[in-house]
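Enquirer: For this one, chain A is given, so just place chains B and C on it according to the hints.
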Amino acid sequence: MDARLLAFFIFSTIAVFGSLMVIFKKNPVASAFALVVVFFSFAGLYAVMAAHLVAALQILVYTGAIMVLFVFVIMLLNQDSPIEDLKASSGAFKGIAAIAVSGLVYLLIRAALLARGVRPAGDLTDEKLANAGGNVRAVSESLFSDHLFHFELTSFLLLGAIVGTIALAKRGAGKEGAAT
Amino acid sequence: MNAFEPWMMLVVSLLIFGIGLFGLIVRKNLLVMLMCVELMLNGVNLSFVAFSKMHQSIEGHLAVLFVMTVAAAESAVGLGLVIALFRTLRTVDSDQIQMLRD
Amino acid sequence: MMIALLVFLPLAGFLINGLISLSPRKWGTCSPNVPGIIATGMMAISFVIACFQFLKLGTMGALMNGAPVLEETLFSWIRLGPFIVDFGYRLDRLSGVFTLVITGVGSLIHLYSIGYMAHDRGVARYFAYLNLFCFFMLNLVLGQSLVHVFLGWEGVGLASYLLIGFWHEDILKVHAGQKAFIMNRIGDLGFLFAIFLAFGFAGSVDALAVAKATPPAPVAAAFAVFVFIACSGKSAQIPLFTWLPDAMAGPTPVSALIHAATMVTSGIYLLARLHPVISSSAGGLALIGGLGAMTALVAAILACFQSDIKKILAYSTISQLGFMFTACGAAEYGAGVFHVMTHAFFKALLFLGAGSVIHALSGQQDIFKMGGLRKELPLTFWTFTAGWAAILGLPPFSGFFSKDGIIHEVWISPHGGGVLAGVLLFSALITAYYMTRLYVLVFFGASRISKKEKEHLHESPLVMTLPLMVLALASLAGGWFGAPVKFSPAGGIHGGTAGEHGVPESLVMAASVLAALAGAAMARFRYAKKAESEPVLDPFRIDSFYGMAFGKGVPALAGWIGRWIEDGVVQRLAGWTSSLVGLSGNLIRVVQTGSAQAYLVMIVIAMAAFLSWLFFGVGGYGKF
Chain A
1 MDARLLAFFI FSTIAVFGSL MVIFKKNPVA SAFALVVVFF SFAGLYAVMA
51 AHLVAALQIL VYTGAIMVLF VFVIMLLNQD SPIEDLKASS GAFKGIAAIA
101 VSGLVYLLIR AALLARGVRP AGDLTDEKLA NAGGNVRAVS ESLFSDHLFH
151 FELTSFLLLG AIVGTIALAK RGAGKEGAAT
Chain B
1 MNAFEPWMML VVSLLIFGIG LFGLIVRKNL LVMLMCVELM LNGVNLSFVA
51 FSKMHQSIEG HLAVLFVMTV AAAESAVGLG LVIALFRTLR TVDSDQIQML
101 RD
Chain C
1 MMIALLVFLP LAGFLINGLI SLSPRKWGTC SPNVPGIIAT GMMAISFVIA
51 CFQFLKLGTM GALMNGAPVL EETLFSWIRL GPFIVDFGYR LDRLSGVFTL
101 VITGVGSLIH LYSIGYMAHD RGVARYFAYL NLFCFFMLNL VLGQSLVHVF
151 LGWEGVGLAS YLLIGFWHED ILKVHAGQKA FIMNRIGDLG FLFAIFLAFG
201 FAGSVDALAV AKATPPAPVA AAFAVFVFIA CSGKSAQIPL FTWLPDAMAG
251 PTPVSALIHA ATMVTSGIYL LARLHPVISS SAGGLALIGG LGAMTALVAA
301 ILACFQSDIK KILAYSTISQ LGFMFTACGA AEYGAGVFHV MTHAFFKALL
351 FLGAGSVIHA LSGQQDIFKM GGLRKELPLT FWTFTAGWAA ILGLPPFSGF
401 FSKDGIIHEV WISPHGGGVL AGVLLFSALI TAYYMTRLYV LVFFGASRIS
451 KKEKEHLHES PLVMTLPLMV LALASLAGGW FGAPVKFSPA GGIHGGTAGE
501 HGVPESLVMA ASVLAALAGA AMARFRYAKK AESEPVLDPF RIDSFYGMAF
551 GKGVPALAGW IGRWIEDGVV QRLAGWTSSL VGLSGNLIRV VQTGSAQAYL
601 VMIVIAMAAF LSWLFFGVGG YGKF
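Residue numbers (the numbering used here), protein chains in the order written: chain A, 1 to 180; chain B, 1 to 102; chain C, 1 to 624.
If we strip away everything but chain A, and leave its shape as in the complex, we get (with noise of 0.2 Å):
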């Protein structure tokens, strides 16, 4: 057993299990702390992978900005209290829904399984890696020169987002005043 095997085991339990409390738990901040754990888990895991932008990224993003913005608004909403939402579904639709669900999952499985042993399609060992500079070096380089058009594609979108964003939340004269 190796320690990737070992630290692999850890961080996926914990991942899963947090996702786990995600869904179940009746108070939706307690969902959004739990998320927050699934996040960190997720980071350990991409670190297993040696994939370090990634997973420094990964709480910088989503943990610290992410939930950060939904624990934000569920306290604006005053959402903090337990709800009983799991419980208003009938009992034949939520079993339904897991059959399915991990029906799904179980063949999506058996399809990854497939994966075992396939050669691989490219070519960046390890040693490649290390000495093209690391992970970072290589992510970047490849960002900003084969897939600068897309980079410059997500900056609008960030734009777009914002605009939206300020215009569904704004106050007053305007669709939301006669909404009111």
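Since the hints were made in silico from the structure, they are not lab data. All C-beta atoms, glycine included, are put in the ideal place defined by N, C-alpha and C. Treat the hints with care, as some may be off.
Partial list, computed: chain C residues near chain B (C-beta under 8 Å) [said to hold, decoys possible]:
id	residue
1	Q597
2	L600
3	M602
Straight-line Cα separation of at most 20 Å, DMTMM-like style, residue types lysine to aspartate or glutamate; simulated pairs [to be verified]:
id	chain 1	residue 1	chain 2	residue 2
4	B	K28	A	D85
5	A	K94	B	D93
6	C	K212	C	D120
Expert: For chains B and C alone, coordinates are given in the frame of chain A:
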């Protein structure tokens, strides 16, 4: 099983994806539903990195980068929508939001 | 082109008279009778051309041996792969004889009609239809292919309908025309099936090609049956004969031309044309012979109970046609065709004579209201006598040769026999009886004519008596054509010397003359003194049977089926279909919950199904 293999990561990612999907189906609170969506996206991110490792390329990491960006944008807009909805309907329970039904 | 010309001249007459009939002027009542002259002229010219063509045929080869033929193909009509029909005419000895009869006797009847229809308002229409009939009849006998013959066949049926119902203001006459047409149509169906079969076994519908073909026995039998159905309809044999007596509703010249001399003989023409393939089926011949003899007998019996002069002659025609069909059934087609020719002469004569009587009596047709007319209408009387003698079969009239020929040939033929000949002989006796009955009651004895009719009693004009005289001459002399004309289209002839085939012809001659005299004597004895009106009887009730079965039975059956199928089955099915749609709609509507999460479940299920199909199903990934 002596060493870590990338396919094991695929299994984990699928589990997390499945859990997120189930949560999206059964929960009624909009905020929790959005959190389940984030779970699914993360599961997919994990699988991208796993494939990238499997095939010894760097493209998977780039995909993750973009997915993260989009996820961030999407959750911002989504939460903005929830707030706007709350202002009018005073609820975030999806069962209560039926004005377009029938 | 001459044959085509002789065929199309009557068509031209039809078109011209048709146009004239559309004009408001009353052409007939002014003299000269323009439509009549045009029509008769066309027919006369056609007759002259036909004579020349027939003579030309005669010079083409000895009339006895070989089969000389004049062919004229006008254009290619139908080409559907192997099904080829050319529009053309074929004049050989068989069609030549028929053509001469049609144009010759036809011209005489046209001439007669000028006088008979002199006061009718629809004269132009009448002559147009009459010419149209002759056009189609000529197409029938001269057509090269069976489809062409069928064209003529249908056409004469149409013309017959138009002419029977000529006085269409009287609805009964219209009904008679409809009855004729519909019964004809049943026969036409038989003809069509025969053509289909012929194309099947001969690969062609050319009449000569079909005649020479050799189909297997069951096919030949079926073919013979279908052809006989066609003949039964057109030539009024059992079972499709009840239209002919009703067809007497038309003007008398029409009855003479169509229902005595020409259209009703189309059946004999068809059988003679196709005779090799018909003869190859012994069963078919037996059917034709048997039904022909039965018809001859039954019609003769029925004629004894009629009192309308034209109806008696109509049943007589049916009976004489039965004689001809019996001859064909005994494979003695030559004898049948010879009788066609002589019968055309004397039956047309008898009908025209009857027309003369009716015309003289201003429309009276009941023989019990006539009598003693031999003094008042001498020309009519003497010509009628010639016809009477001919139909009785008294020598030296033509009828003697042809009828005697048939009885003799039927007796000695391997397909005929003594029984059939005996039936024919007995029918000849009855024929003599009812014809003499008519003859005596009309022309002899005390006059039973009403006073009103007596005032207008007059002999017919020359226009009408001239054809009578010509036909009387033909009835007398026509028999002497017997020797060279009595042939079968394949070329063999039958001489008439006694003792050649076991039954001496002289025996038959004597027997038939005796039978005729016996019948005549019986009738004279019965009717010479007393002449009270007799009721019209229908001992076999065939007409009423048809009326019940088809007139009432078929609508009832249709109504029953309509109720049973329409209301029972169709409506129920429609009801079930609509309920099914509603039910399935209700079932499926469950899926539309409106809840996005439910839809998400459906997506998941669909994905899982797709993946399992991909991995486990067709074109699977094998080692999964």
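Enquirer: A separate judgement is required for each hint: does it hold in the structure or not?
Expert: Hints, one by one, checked against the model:
This hint holds: C/Q597 has a C-beta 5 Å from the nearest C-beta of chain B, less than the 8 Å allowed. The interface hint given for C/L600 is met, as the beta carbon of that residue sits about 5 Å from the closest beta carbon of chain B, less than 8 Å. Against a cut-off of 8 Å between C-beta atoms, the interface hint on C/M602 is violated, since the closest Cβ of chain B lies about 10 Å away. Restraint check: the Cα-Cα separation between B/K28 and A/D85 comes to about 6 Å, which is no more than 20 Å; the hinted pair holds.
Annotation: proposed proximity of A/K94 to B/D93 holds, straight-line Cα distance about 17 Å (limit 20 Å). As the CA atoms of C/K212 and C/D120 are separated by approximately 49 Å, the hinted pair breaks the 20 Å bound.
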